[in-house]
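*Asks:* First to last, the sequence lines map onto chains A and B. The first sequence begins at 301 in my numbering and counts up by one. The second sequence begins at 301 in my numbering and counts up by one.
Certain hints may be false.
It does not matter which identical chain is used: a pair holds within one copy or between any two.
Claimed, not checked - Below, a list of computed lysine to any residue pairs in the SDA-like style, where the Cα atoms sit at most 20 Å apart:
no.: 1; residue 1: K402; residue 2: G380
no.: 2; residue 1: K402; residue 2: Q412
no.: 3; residue 1: K471; residue 2: D343
no.: 4; residue 1: K508; residue 2: A422
no.: 5; residue 1: K429; residue 2: R486
no.: 6; residue 1: K471; residue 2: A527
no.: 7; residue 1: K402; residue 2: Q516
no.: 8; residue 1: K402; residue 2: E498
no.: 9; residue 1: K508; residue 2: N379
no.: 10; residue 1: K429; residue 2: E479
no.: 11; residue 1: K508; residue 2: R426
no.: 12; residue 1: K402; residue 2: L324
no.: 13; residue 1: K508; residue 2: H435
No lab work stands behind these hints, which were simulated from the structure alone. The structure displayed is predicted, hence computed values, not measured ones.
Number of protein chains: 2
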Amino acid sequence: MHRNGIDAARLGAARCSSCAIRDLVLFGDLRDQDFDLIHIPIDELRFQPGATLYSAGDEGGSLYTIRGGLVKLVQFLPNGTQRIVRLLRRGAVAGLEVLVGKPYEHTAVVLQEAETCRLPRAVVERLSKETPRLHARLMERWYQSLHQADEWLTELSTGSARRRLARLFLKLAADAPNEPVLLSGREDLGAMLGVGMETASRTIAEFKRAGLVVEQAPNVFVCDLSALEAVVLDG
Amino acid sequence: MHRNGIDAARLGAARCSSCAIRDLVLFGDLRDQDFDLIHIPIDELRFQPGATLYSAGDEGGSLYTIRGGLVKLVQFLPNGTQRIVRLLRRGAVAGLEVLVGKPYEHTAVVLQEAETCRLPRAVVERLSKETPRLHARLMERWYQSLHQADEWLTELSTGSARRRLARLFLKLAADAPNEPVLLSGREDLGAMLGVGMETASRTIAEFKRAGLVVEQAPNVFVCDLSALEAVVLDG
DNA sequence: CGGAAGGTTGAGTAAAATCAAGCGCTGTGG
DNA sequence: CCACAGCGCTTGATTTTACTCAACCTTCCG
C-alpha cells in the first residue's frame, strides 16, 4: 500500500546541479549533460513523523536519498515483534535493494520530519549504465549500509542493556556533539537495542538518576559523553 | 600480518572462462576479451581450517571469491570479546570494502577447508571500469552481504537462546536439507548467537535430549527441521 | 603417563522478560 | 469547564533466562 499520496508533500522537481548538499547525495557528482539522459523528473518529497516511505515486500519502484530528518528501517519477525535494523540520516540512501530487482526488505518509517529525493529505479539504472562516476557513489552507499549493519550488530546487540544504551547515545551524538540527542519513544528504543520497552525505560531512568543524561523535554536528551564512554567500558 | 604465505596453498592461476561454478562467481559473465584487459594473474588459493584470509584493519589488497568451504567474518569489540557477523559460503565474496578504499572491516577465518579465488583490487577496479556487466554482479554481492547482515540481526540476535539456535540450524540446513549441518565448536556458536559458550553448550544439549538434533560426530548434526520450526514459533 | 583443549555440568548470581498496576499527559465530548 | 478515555511511560513484583565461576570429563597427542 502506498501511503505516499497522503503522507508526503511534494516540494517540486529537484534540480540536482544546484543541490545544497551536493557533496553528500547519490547524484552529487553527475554533470548537467548526464541529466540530459533522463526526462523523468526527480521529486523532492517531505514526510511527516510517522509517515511510511515504503513497506517491506512492496515491489520497489524508487530509491530515496535522505536529505534531512531521520528515518528508521524496520524488519518484522514472523512472530510479530519488530526490530529496527538501521537509522538513516542526511546523505543516506533507502531502498538500494531495488537496484538488484528485489522488493523492499524493510519498512521505512519517518521518525523526524524528513526531506527526501525520490529516485525512480529506471533513472538510477539508466544513469548507472552511462556514467561510471555514479558507480563509485553507489558502492559507497552499499558500503555505508553494510558498515552500519555490522556496527548495529556488534555495538547495539551485544552486552548488557546499559552498555547498549550508552553506545546508542554515543553513536547518535557522534556527528553533532553539544547538540541534544533526539529519540522517538521507549518502544522504538527497545526495538533498536533488542530489549523490551520496560527495560529500555528502566535503563533510561537509571541513566537520568546517575546524571549520565538529562531529558530536557520528552525524548530530548543532553548527554555526558565521557561518562557514557565509561559505562561502555566498565559496564 | 599476512598469514597467507604459510596458511594458503596456491593451486595455480585461475582460468575464469572455464570456471566450474561460473554462474556463481563474481567474474561469471565476463568474456575472454574482458580478461585481455588485465595481465595480473588471479590466484586460486586453498586454505585449511583456522587459516586467516585477512585481518581487520589490514590495508585491503584483494577480494576473495569463496568457491567452496566455509569462512567466518569476525569483528572484535574494544573489550576483547568477539562476534561473528557473517558466514561466507560458495559464491560469496569477502572483502568488498576494499573497493571503496577502506581497510578490511573484519577478520576472515576459515572454518571448513576453503577454496578461493583472490582478486587483486586493481583487477576488479580495472574490469569494473570497462565492463558494465561486472557492476550488476558487484551490486548483487553487496546486496547479499547486506541482506545476510540484516537477517543475522533479526534472526540470530533476537529472542531466547533456544530460538536463536533453532533459527541457526534452519538457516544452515536451508540450502542442503537432508545433509547434516556442520558447526565448528561451541565457542564459535556462542559468538554467532551472541550468547556465552556455556549457554550454547547447554542449549545444544537440551536440543539433543529432546531429539531435535542428533550429533552424529563432533560438530556434525542431523536436524529435525519441522521440530526446529516449532521451536522458533512456540518458544 | 601427563597435559592441554574443548566440552559438559552444577550452583549461585545477575539481568532481563513478563505481568500488572498506576501515573500524567492530551484531546474529546458531555 | 470538567470528566474521562486513551496513550505513552513508569514502576513494582515475580519468574525466567542467561552469565559467571568452577569443577570435572573426555579426547587427542606428545
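*Asks:* Each hint needs a verdict: does it hold in this structure or not?
*Replies:* Hint check:
Taking CA atoms no more than 20 Å apart as the test, K402 paired with G380 passes in neither setting, with 22 Å inside one copy and 37 Å between copies. Proximity of K402 and Q412 under a CA criterion of 20 Å is satisfied in neither setting, with 27 Å inside one chain copy and 31 Å between copies. In this assembly of identical chains, the alpha carbons of K471 and D343 never lie at most 20 Å apart, being 31 Å within a copy and 40 Å across copies at closest. Proximity of K508 to A422 under the C-alpha cut-off of 20 Å is found in neither arrangement, the shortest distances being 49 Å within a copy and 52 Å between copies.
Neither within a single protomer nor between protomers do K429 and R486 lie at most 20 Å apart by alpha-carbon distance, with minima of 44 Å and 47 Å respectively. Taking the shortest Cα distances, K471 and A527 sit within 20 Å of each other inside one copy (14 Å), while across copies they are farther apart (40 Å). In this assembly of identical chains, the alpha carbons of K402 and Q516 never lie at most 20 Å apart, being 42 Å within a copy and 38 Å across copies at closest. For the identical chains of this complex, K402 and E498 are neighbours neither inside a copy (36 Å) nor across copies (39 Å), given an alpha-carbon limit of 20 Å.
In this assembly of identical chains, K508 and N379 lie within 20 Å of each other by CA distance neither inside one copy nor across copies; the values are 33 Å within and 25 Å between. Within a single copy, K429 and E479 get their C-alpha atoms no closer than 41 Å, and across copies no closer than 42 Å, so neither meets the 20 Å cut-off. Taking CA atoms no more than 20 Å apart as the test, K508 paired with R426 passes in neither setting, with 52 Å inside one copy and 54 Å between copies. Taking CA atoms no more than 20 Å apart as the test, K402 paired with L324 passes between copies only; the shortest distance there is 18 Å, against 25 Å inside one copy.
In the homo-oligomer, the alpha carbons of K508 and H435 never lie at most 20 Å apart, since the shortest distance is 46 Å inside one protomer and 49 Å across protomers.
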